[in-house]
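Residue numbers (our numbering), protein chains in the order written: chain W, 1 to 330; chain V, 1001 to 1451.
Take every hint as true, because none was put in to throw you off.
Label-pair distances were calculated between CB atoms; the ranges are:
#1 Gly-253/W - Ile-1417/V: 37 to 47 Å
#2 Gln-1391/V - Ala-303/W: 29 to 39 Å
#3 Asp-39/W - Arg-1388/V: 48 to 58 Å
#4 Gly-1407/V - Trp-147/W: 12 to 22 Å
#5 Ala-1399/V - Gly-253/W: 45 to 55 Å
#6 Arg-318/W - Phe-1269/V: 57 to 67 Å
#7 Pro-35/W - Glu-1429/V: 19 to 29 Å
Take a look, some chain V residues computed to stay more than 12 Å from chain W by CB distance:
#8 Gly-1017
#9 Pro-1046
#10 His-1295
It should be emphasised that the hints constitute simulated quantities derived from the structure, not laboratory data.
If you're wondering where the values come from, they're calculated on a predicted model, not measured in any experiment.
Glycine is no exception: its CB is placed at the ideal position from the N, C-alpha and C atoms.
Now for the letters of each chain:
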Amino acid sequence: MTMDLPLVFMGLMGASVLAYVVLDGYDLGVGMLMPAATDEEQSVMVSSIGPFWDANETWLVLGIGILLSAFPGALAVVLGGLYLPVVAMLVGLMLRGVAFEFRMKAHGWHRELWNWLFWAGSFLASFCQGLMLGRYVTGFATSFGHWLFAIVVGASLCGGYVLLGATWLILKTEGELQRKAIGWARWGLLWVALGVGLVSLATPLVSATVRERWFDFPATLWVMVLPIATLAAGLWLWRSTGRLRDGALERHGRPFAAAAAIFLLAFAGLAYSIFPYIVIDRLTIWDAAAHPSGLRALFIGAAIVLPFIAGYTILSYRIFRGKAKAGLYD
Amino acid sequence: MEDALSLARAQFGINIGFHILFPALTIGLAWFLVAFRLVYQRHRDPAWLATYKLWVKIFALTFAMGVVTGVVMSFQFGTNWPRYMTTVGAIAGPLLSYEVLTAFFLEATFLGVMLFGMDRVPDWLHIVAALLVAIGTTVSAFWILALNSWMQTPAGHVRDGDQWIAGDWSAVIFNPSFPYRFTHMVIASGLTASFIIAGLSAWRLLRAPLDSGAARTLRAALVTAAVLAPIQIAVGDQHGLNTLAHQPAKIAAIEAIWHTERGVPLTLFGIPNEKEKRTDYAIDLPYGASLILAHSAHARLQGLDAFGADHPPVAPVFFAFRLMVGIAILMLVVSWWGAWATRRGRAAPRWMLWVFAAFTFAGWVAVDSGWIVTEIGRQPWVVTGVLRTAQAVGDISGAELGASLTGYILTYVLMFIAYIVVLTHMAAEGAREGPPPTSWPATGATARKAQ
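Working from the sequences, and respecting the hints, build out all of it.
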């Protein structure tokens, strides 16, 4: 049996990036929400992400690892085109990662400083990731309009992560903080709706390839499932947070599930827009793919190990299920 | 182009030199934590639990530093060296990815259980978590050193068009220098961790002389170091002989042997003068290099002149090697002396605690000098005989590289200062409140004094 390995790895890289965006997205979102909370609430917020954030960030390493190993032909164009946003994102990720650890051990103005760096690093990393996405979708075009588009995508992704973070807090906290998180989630959702709407309208305008993909009857009728499902997930999220706010019986995990569904659908839309390109209009996944012998070696390892990773990741989320408490680090 | 190459190298070198500090500590520390946790399980002594809790927090902090600088490195493979991946990616890619798949997720996930799971999981699972993290750190060293060793002494690769692919994976992984390099690095990590644990425990004892937990931790670290240090020197010697067989140009640079000759003296110290091809102010031991490297006073050794222009720059390799060996010898002396002085529960005198504290980061200095020796010693190749460093570089402009290098350095300096400050604070924290309660009395003079 022969397998189309570049296609398999495209799927695997997509899955890693999606896992990264949803998982690290919620802890970046929690980071961005820090200034809106009191000292005590901040302690609960960091406790809610403490056991998970290292592993969440590992999905980014896996994603970039697959890009390096499976699609080396795209490196020079993709990472070259995104060089400065990538560096800024990495600086942001470094600052927030260590600030997260250091703030536990600091007091007084030191803690304030690390809190601020945790917020700033989370924001910088999120914004740069959105900026990279925006630049990537336009094939690294450099006109003013294309940059503006990328900045809008950056801001929208920040909104998306805030939404993930807030819905994560709805799941993991209770009382006053949870009530606040409901409010943040609803604001985040409005922001995301605006962002997704703008980006969906603008993407066909900035890219002819994407335009043809989406306005190609009768396929258009089928892919309209995506925006409609996204709208449904958004409404579901709005309704479930509304019910929670009014004290109705509602599962606390539902808003997060709905937010994750929005990301999944947006990601599917993006994949549909770009596939089979890895650099839009220039390189397909087969052009950029590594030597088949490397891909085979990689595939064997991934096929054996990924089920274990999935298994113990689930185990870890089960061990730390339930509401987070302040002072996990003391 | 020349500038971009130097900047790309400087950036990658600074990043890897900074990153390596943290895994070098966590690989060794993870096994210490397994031991601390098991000893606590057996004796139920709260002092060991306090030791475990302190060091698991330091581990988490160090691991976080390693993760975030490691993410940077994984991107820099692509940004700085795209042609490395397009030429040897079929070999390097799987090895790098195997590291992520088999080690990183394991470490990151079970670290959470180690840190926060003690009252959420049964004892056995808490111990298994510590064990899995330790295995993860070691497995990660396995893959990354397999790749690094392959770049130094490639084997098992075959050419296909303009790419190199693995003809025989076991030959690629177990290439000639791998067993030596892997052993050398893992022991280096054990020594680095021992000295940091000993140094910070001494730092604590200087503030709270009666802390029996810190005294026992100090003792455990000193004994470990005393055992590992001589083994490391023997392994290092074997590693050197292996390098002579496979990378003679590196050895010629390390020893500053300019001309191929018989009965080569060992230069203890001097200043290599690459222009004049001689070592100024050299202090030589006659026949020393021939004796050490070939076990015969009149053995012929290849000099730098045998390699034309294809040899590494001499000065950095020469100095870094002497720094590494010098520190290793001092570490041997300090650990033996300390292990002797603290035998059967004796308390180390105050001035000696200052010596341990001064040697806290000695392992880091040795590790980074060792990396300078081996990585600069590989130049001008990125993969010896296969791919030159100059061929692997990408098209990022010098300006972009310069700007990002500045950003990285500022971030690293900030992170490093904060890390050291937090580490010393944590080690001293609570010391003034007196020793933690102990239910395991009279293990030694310190503990007796405490009661």
